[in-house]
Amino acid sequence: MQARNYFRVMTICNLRNFSSGVSSTANISNIFINRNPRNLEKLRIGYKPDGYHVDKPGKNYWHNLKLNISNQYITATINHFENGVVLKASTSEWCVKKQLYKTKDTSAFINLGRVLGYRCLQAGLTEISFDKDSVKQNGKVALFLKELEEAGIHLKEPRQYKPTYPWDQHRPEKPWEVTE
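So the mapping is simple: the numbering used here equals the position in the sequence shown, first residue as 1, plus 567.
Rather than coming from a laboratory, the hints here were simulated on the basis of the structure. The beta carbon of each residue, even a glycine, is placed where N, CA and C say it ideally should be. One thing to keep in mind: the hints can contain errors.
[To be verified] Distance windows between CB atoms, simulated: (1) S596 / Q736: 40 to 46 Å; (2) P733 / E660: 51 to 57 Å; (3) D698 / K729: 21 to 27 Å; (4) T642 / P730: 38 to 44 Å; (5) T673 / Y732: 31 to 37 Å; (6) F599 / K655: 30 to 36 Å; (7) K713 / P604: 26 to 32 Å.
When you get a sec, could you build the whole thing from the sequences and use the hints?
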């Protein structure tokens, strides 16, 4: 209880020190440079490879979830189409393995979904592509996907925004314009 109060007091003191350091007449620049390399993907205007319709696996995604089930462990990775593995969670990791009774039972799938969902939210990934046909949707995998969705991860990426031509009938809403 005392630790929480101490933390609250320190936070309030730090906020007061921060606010007192900025003068009210400080000039704030009107120019903002976003250095996030995934910014265009979040706005849905970044490059997304289309490939050809005859390609079997296809690469029509920005971030893709791959689930690898081996004889002993379960590994879930999130791959970027250009840069490879972005996030990885596995039951072979010591911190996950020590909390589990077995590394391949139902509770392992559920907890791995929770861990991966938490790591995705920390990394800022909220929408991930997942090919449900590539993995058999038995009870364990379905529970893994359910935990990911409960963590706030959407298992379908939005379509890429492509500018319209003057002769197009359908003009989709621009993702950066908020209409509320």
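Structure-based check of each hint:
1. For S596 and Q736, the Cβ-Cβ distance of about 42 Å falls inside the hinted range of 40 to 46 Å, so the restraint holds.
2. Between P733 and E660 the C-beta distance comes to about 54 Å, which sits within the given range of 51 to 57 Å.
3. Restraint check, D698 to K729: a C-beta distance of roughly 22 Å satisfies the suggested window 21 to 27 Å.
4. At roughly 39 Å, the beta-carbon separation of T642 and P730 lies within the given 38 to 44 Å, and the hint holds.
5. Our hint of 31 to 37 Å for T673 and Y732 is violated, since their Cβ atoms are close to 51 Å apart.
6. Restraint check, F599 to K655: a C-beta distance of roughly 32 Å satisfies the suggested window 30 to 36 Å.
7. For K713 paired with P604, a C-beta distance near 31 Å keeps the hint of 26 to 32 Å intact.
Going down the numbered hints, you'll see the structure goes against just number 5.
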